[in-house]
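Asks: Next come the chains, spelled out residue by residue.
Protein chains: 2
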Amino acid sequence: MPTIRDVARLARVSVPTVSGVLNGTRNVSKKTSLRVRTAIVALDYHPDQVARSLRSRRTQTIGFVIPDVTNPFFTDVLRGVEDTARQNGYSVILCNSNEDPVVERKRLAMLYSRRVDGVLIAPTDFRSVTERPLRRDFPLVYIDRIPPGFSGAAVVTDNLGAAYEATRYLISLGHRRLAIITGRLNISSGRDRLEGFRRALQEANLPLAEEHLRQGDFGLESGYLQTLELMGLKNPPTAIFSCNNKMTLGLMRALGELRIACPEQVSVFGFDDFEWAANFSPRLSTIAQPTYELGRLAMEMLIRRIQNTRPEGKDKDKDQDKDDKDVDQQQVITLKNELKPRDSTARFTQ
Amino acid sequence: MPTIRDVARLARVSVPTVSGVLNGTRNVSKKTSLRVRTAIVALDYHPDQVARSLRSRRTQTIGFVIPDVTNPFFTDVLRGVEDTARQNGYSVILCNSNEDPVVERKRLAMLYSRRVDGVLIAPTDFRSVTERPLRRDFPLVYIDRIPPGFSGAAVVTDNLGAAYEATRYLISLGHRRLAIITGRLNISSGRDRLEGFRRALQEANLPLAEEHLRQGDFGLESGYLQTLELMGLKNPPTAIFSCNNKMTLGLMRALGELRIACPEQVSVFGFDDFEWAANFSPRLSTIAQPTYELGRLAMEMLIRRIQNTRPEGKDKDKDQDKDDKDVDQQQVITLKNELKPRDSTARFTQ
DNA sequence: TTGAAAGCGCTACCAC
DNA sequence: GTGGTAGCGCTTTCAA
Numbered sequence: 001m002p003t004i005r006d007v008a009r010l011a012r013v014s015v016p017t018v019s020g021v022l023n024g025t026r027n028v029s030k031k032t033s034l035r036v037r038t039a040i041v042a043l044d045y046h047p048d049q050v051a052r053s054l055r056s057r058r059t060q061t062i063g064f065v066i067p068d069v070t071n072p073f074f075t076d077v078l079r080g081v082e083d084t085a086r087q088n089g090y091s092v093i094l095c096n097s098n099e100d101p102v103v104e105r106k107r108l109a110m111l112y113s114r115r116v117d118g119v120l121i122a123p124t125d126f127r128s129v130t131e132r133p134l135r136r137d138f139p140l141v142y143i144d145r146i147p148p149g150f151s152g153a154a155v156v157t158d159n160l161g162a163a164y165e166a167t168r169y170l171i172s173l174g175h176r177r178l179a180i181i182t183g184r185l186n187i188s189s190g191r192d193r194l195e196g197f198r199r200a201l202q203e204a205n206l207p208l209a210e211e212h213l214r215q216g217d218f219g220l221e222s223g224y225l226q227t228l229e230l231m232g233l234k235n236p237p238t239a240i241f242s243c244n245n246k247m248t249l250g251l252m253r254a255l256g257e258l259r260i261a262c263p264e265q266v267s268v269f270g271f272d273d274f275e276w277a278a279n280f281s282p283r284l285s286t287i288a289q290p291t292y293e294l295g296r297l298a299m300e301m302l303i304r305r306i307q308n309t310r311p312e313g314k315d316k317d318k319d320q321d322k323d324d325k326d327v328d329q330q331q332v333i334t335l336k337n338e339l340k341p342r343d344s345t346a347r348f349t350q
Numbered sequence: 001m002p003t004i005r006d007v008a009r010l011a012r013v014s015v016p017t018v019s020g021v022l023n024g025t026r027n028v029s030k031k032t033s034l035r036v037r038t039a040i041v042a043l044d045y046h047p048d049q050v051a052r053s054l055r056s057r058r059t060q061t062i063g064f065v066i067p068d069v070t071n072p073f074f075t076d077v078l079r080g081v082e083d084t085a086r087q088n089g090y091s092v093i094l095c096n097s098n099e100d101p102v103v104e105r106k107r108l109a110m111l112y113s114r115r116v117d118g119v120l121i122a123p124t125d126f127r128s129v130t131e132r133p134l135r136r137d138f139p140l141v142y143i144d145r146i147p148p149g150f151s152g153a154a155v156v157t158d159n160l161g162a163a164y165e166a167t168r169y170l171i172s173l174g175h176r177r178l179a180i181i182t183g184r185l186n187i188s189s190g191r192d193r194l195e196g197f198r199r200a201l202q203e204a205n206l207p208l209a210e211e212h213l214r215q216g217d218f219g220l221e222s223g224y225l226q227t228l229e230l231m232g233l234k235n236p237p238t239a240i241f242s243c244n245n246k247m248t249l250g251l252m253r254a255l256g257e258l259r260i261a262c263p264e265q266v267s268v269f270g271f272d273d274f275e276w277a278a279n280f281s282p283r284l285s286t287i288a289q290p291t292y293e294l295g296r297l298a299m300e301m302l303i304r305r306i307q308n309t310r311p312e313g314k315d316k317d318k319d320q321d322k323d324d325k326d327v328d329q330q331q332v333i334t335l336k337n338e339l340k341p342r343d344s345t346a347r348f349t350q
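Residue numbers (our numbering), protein chains in the order written: chain P, 1 to 350; chain X, 1 to 350.
Keep in mind that a hint or two might mislead.
Put simply, identical chains are the same to the list, so a pair is met inside one copy or across any two.
Restricting the straight-line Cα-Cα distance to at most 20 angstroms, the calculated cross-link-like pairs of lysine to any residue (SDA-like) are [said to hold, decoys possible]:
| id | residue 1 | residue 2 |
| --- | --- | --- |
| 1 | Lys106 | His46 |
| 2 | Lys340 | Ser14 |
| 3 | Lys31 | Phe126 |
| 4 | Lys336 | Ala288 |
| 5 | Lys106 | Asp217 |
| 6 | Lys106 | Asn88 |
| 7 | Lys30 | Glu275 |
| 8 | Lys336 | Tyr112 |
| 9 | Lys340 | Pro147 |
| 10 | Lys106 | Thr84 |
If you're looking for bench data, these hints aren't it; they were derived computationally from the structure. The model shown is predicted, which means the values in this text are computed figures rather than measured ones.
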């Protein structure tokens, strides 16, 4: 495995000169530059990123912590993150927290040990992230979910608004008995979606029966079980709003097993869109989040924050970074969602 | 950011002693050890993996190169890879090749520069991988797909056998006019699935009409377009075998648009199982690959290969590693697939 | 049981 | 323009 010294030797120049050629960080004569390049090719030399990172205090690596790799929402976001990272010379270390705060904390500690330049996170729990040492140690951008009373960098979508619109849509179809299967209520996306639903009901002067408010956890199983209970009620709802893709899947399975026709007997509106939602029957009515954009914007914001944080030199006064002109510091970007009413919702006729 | 020296200073010991305590690689008296541990906690010290990697020639990182992060097949595999990697102290850098050989080569070069300990790859192209310098530079385990005439480390599934069985199943239902939408035929999975289909037909003395052999590329669009053509034929097939999940999705979309009922008018058997396949109507008949296992076994094989490759010291005779007792060196593990006949296939009645 | 010193491959800061 | 030298944070001899 050739090193920079081998290249220097072969090109009969000094090591710093080779480094200069590699990084374009030094004035080098045409002739020398050519000799160096030739040597690089001849030896098939590839600079050691590890050594480079140690020296420069930059790993060109970011961590991306998500609760579930198998959820298409997150993999779509991941694609946006990965593409944008690559384009800017960053690699992505993927961490699956499995919706477990303990695992999440471990992953963050590991990312810290690896000296990643920054972290993108869809958190499961806010203690993981507000506690030391994680808060100070690298630029962090929240994605998809934010802590209550949050002020910091984040990219999310308008969960409340989209849930509100979808619910209004159901109401406009004539539905009066609406049920919701919520997500986890300890994170913003779960809470906001419930809140949007509530508001639309309130505005229409519709009651939300206790029994029609079912708490799920974003997992398939919870959607399945809650639907079973919901449809077993004496007064089953005529429309169900499901707060994420996996739960919608469980919901549809339950409906299938109960032989309840959708949308004839019950309408379904689900948060999250995905390839199959539009290609199977019934074609699902969904809220499409701009997943790729979410990933792209979050990554761009993270890169900006990384660039505004000089790699820790000899630390002088602590917190000297406070006055960074980093506009992103306190920025929360909220993206619009798109309603995709399709065939799983129908007009309610008594 | 505290370093090992800060810890040493605070604990009033030498740097190597701290290192010894951290790695359990040195006999240290109880008392000193305790002092060191206390200092570590007090300073909230986290060893710098970058420096450690530079010194030890191990990054505890592997690269995972896949053609499509949004394909649930690969993300399910990814979960197996990630879990197993973590359990063994490895991190995963994810690389999306987008089925593009050029991108793939770039990613491999980058992984090399980052000095990953090894690579797992579902290749799009075999030149990427057989050419220098990639072949020699890190342990490589193929996953899901192997080059023609391959001898090396790989974990794949029995594509040929599963396609054969699925086709026989369709035949047993009375179908005589079967069509196939193949995957990319320059990789083993695509080829083997076609071959299995062919064999079953041959054995049953059924012809494969030229027009019923449609070449797809594993993408949704190709499944969609080929189905459109297929069902527009004068003699449309009564059963279609689709060679992966995305194409099956396109297939179902085409059927929906053409208002062709499945399974009443045409039976569909698809390669790859996924959550939604069993939860929507029609519940899809699929071939379920052991995705998690695939990832787990491949990662385990890679770890074994990494451990049998001493980190390049001063290279003496080249190829001295040849005599490694690495049984995996030439090993190809083939996992069984499972047929899941469901509701998208029905008996053919004239 | 412990410490001093060397060095992994690179970049940055000097001189010239 | 170019080269010498120091040093990033750690592990690994080698002595004591």
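Asks: Could you run down the list of hints and mark each one as holding or not?
Replies: Against the structure, the hints come out as follows:
1. Lys106 / His46: Answer is between: at 12 angstroms across copies they meet the 20 angstroms cutoff, but 32 angstroms inside does not.
2. Lys340 / Ser14: Intra 63 angstroms, inter 65 angstroms, cutoff 20 angstroms: neither.
3. Lys31 / Phe126: neither (57 angstroms within a copy, 37 angstroms between copies)
4. Lys336 / Ala288: within (9 angstroms within a copy, 37 angstroms between copies)
5. Lys106 / Asp217: neither (22 angstroms within a copy, 40 angstroms between copies)
6. Lys106 / Asn88: between (27 angstroms within a copy, 14 angstroms between copies)
7. Lys30 / Glu275: neither (53 angstroms within a copy, 59 angstroms between copies)
8. Lys336 / Tyr112: neither (33 angstroms within a copy, 40 angstroms between copies)
9. Lys340 / Pro147: neither (28 angstroms within a copy, 43 angstroms between copies)
10. Lys106 / Thr84: between (26 angstroms within a copy, 16 angstroms between copies)
Hint violations for this structure: numbers 2, 3, 5, 7, 8, 9, all remaining hints satisfied.
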